[in-house]
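Undergrad: Below are the chains, spelled out letter by letter.
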Amino acid sequence: MNDELFLNERIKVVAVFGEGLNPCRPVRFKRPNGQEIAVTEIGLRHPKAKGKKTVHIFDVTDGQADYRLELDSESLVWHLTIEADHAGI
Amino acid sequence: MLESKTYNREEPMIMHVDLNSAFASIEQQARPLLRGQPIAIVNRRTEYTAIVTASYEAKAMGVKVGMKFIEAARLAPGLLAVESDPSKYRFVYKKLMAILNDYSSDVVMKSIDEGVIDFHQLAIRRPLIDIGYEIKNRLKDEVGCAMRCNVGIGTNRFLAKTAAGLHKPDGLDIIRADNLREVYKSLKLTDLTGIAQQTEKRLNAVGIFKPLEFLDASSETLQRMVFKSICGSQWYLRLRGFETDDREITTKTVGRQYVLEKRDLARHDILTRLHNLCESVGFRLRGQNKVARGIYVYAKTIDHKYWHACRTYELPFYSDKAINALAQQLFSKAPDKIKEIGLHCYNLSSNQDKQLSLFGDYLAREEHLTRAIDEINNRYGDRTIHSANTLEATRFIKQKIPFGSTRYL
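In the order they appear, the protein sequences are chains G and V.
Under this note's numbering, the letters of the first sequence match residues 77 to 165, in that order.
Under this note's numbering, the letters of the second sequence match residues 181 to 589, in that order.
Among the hints, erroneous ones may be present.
[Claimed, not checked] Here are the simulated DSBU-like pairs of lysine-lysine, each with C-alpha atoms no more than 30 Å apart in a straight line:
1) V/Lys408 - V/Lys290
2) V/Lys501 - G/Lys129
3) V/Lys408 - G/Lys129
It should be emphasised that the hints constitute simulated quantities derived from the structure, not laboratory data.
Construct the entire structure; sequences and hints are all you get.
TA: As structure tokens, this is what we get:
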């Protein structure tokens with residue numbers, strides 16, 4: 077019915093800061109289990125208020141699964157919060 | 181009086197922009213692997229939840245809005261349920277609004293996924309078709325490549341919306357006096373915005389079965405025999421492309437409903453959910469700077485019965501505490517075996533018009549306390565402070581996007 081797996085993993089991210097629609101572009105991230113994922117497309121980036129903090133949400137894909145990355149604008153820490161593998165359901 | 185063949189022949193100056201299957205398109209934008217797949221946006225992860233929006237791929241397989249997910253999944257094998265994500269939709273709504281506002285100062289967002297631009301006041305004129313295509317491109321550039329919208333152009337709001345619905349998805353159409361009859365010929369009565377089954381029956385009763393027959397009916401027939409009010413002559417003008425809908429809609433009620441997460445909830449648990457709804461309604465009411473003098477509560481039972489109670493009061497109320505006290509009082513007579521509850525406040529007036537009361541001190545304290553709680557909730561997030569009684573209910577009742585209104589966005 078639903079393919080989303082909710083996570084709360086602190087991850088290491090390589091991001092490029094530039095111009096355009098997404099001035100901050102995560103290009104690669106590493107999960108605590110050592111898995112490295114190369115981002116092939118950023119679907120949507122939107123801000124979300126968490127209390128008085130703003131968290132930037134990046135919905136991205138590596139072509140195999142969709143992922144949700146969250147960048148805390150205050151602490152500058154990245155978390156992986158959703159993994160969704162449509163082919164796997 | 182206008183002759184029946186008189187249509188509005190002015191240059192079309194109203195543009196209606198409508199996101200295609202908005203919530204589903206936004207999810208497909210966010211999750212590239214869902215593009216081209218049948219998906220349904222739902223408010224809860226249960227099989228019996230109703231579908232809020234379906235993607236075009238799902239619609240092509242017979243999935244309709246409002247259908248239960250379990251029924252839809254039978255029609256569309258592999259249908260994926262995606263839980264609605266209000267912050268994402270709010271973000272796209274603001275992007276769309278910013279784009280539309282670049283073209284005219286007269287923009288009205290009709291709902292979270294559609295807006296109307298009136299170009300009448302603009303001194304510098306560009307062809308509206310060019311602007312329409314530009315808006316489509318900007319939506320792709322500024323939100324994402326999977327976003328599509330329908331654009332309709334007409335001499336009034338009704339024709340612009342009708343034009344926006346002609347070629348979904350991603351269409352752009354103009355309705356003017358010279359193709360008006362052609363367009364009506366291709367539609368059914370219920371394709372017209374504002375004509376649902378009940379009105380269709382009333383039209384059928386006087387021999388009107390098609391939009392063209394509706395168009396050719398006289399103003400007198402519509403006013404005296406069909407609508408029995410001024411609505412008849414408004415429809416006569418609206419169908420011909422004359423503006424009848426350029427008015428601000430005032431808020432008459434503020435309410436919320438909730439389908440219980442379980443059918444066998446104890447009375448006490450149902451009351452805590454009602455309390456949660458009261459807090460939500462109170463927050464929305466005060467957000468509109470309104471006070472209420474009436475309250476309406478209802479319950480639907482599992483054996484399809486509808487129960488309601490309402491009462492109007494002399495003194496206005498607006499605090500969560502007051503709304504909850506009045507709602508709980510009315511709800512004490514509600515039947516058993518409830519599956520859905522709801523309430524709304526009515527007889528609304530401006531917060532400034534409050535009458536002075538003998539209990540001035542008490543009311544002032546209540547007002548200060550309510551304002552302080554609202555300020556904290558506005559700053560630190562919805563429901564940062566709420567009644568302890570609703571703590572458990574908050575796990576189940578989530579804030580959802582109201583589809584037909586932009587008042588709470």
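Undergrad: Give me the numbers of the hints this structure contradicts, sorted from smallest to largest.
TA: As far as the earlier hints go, only 3 is violated by this structure.
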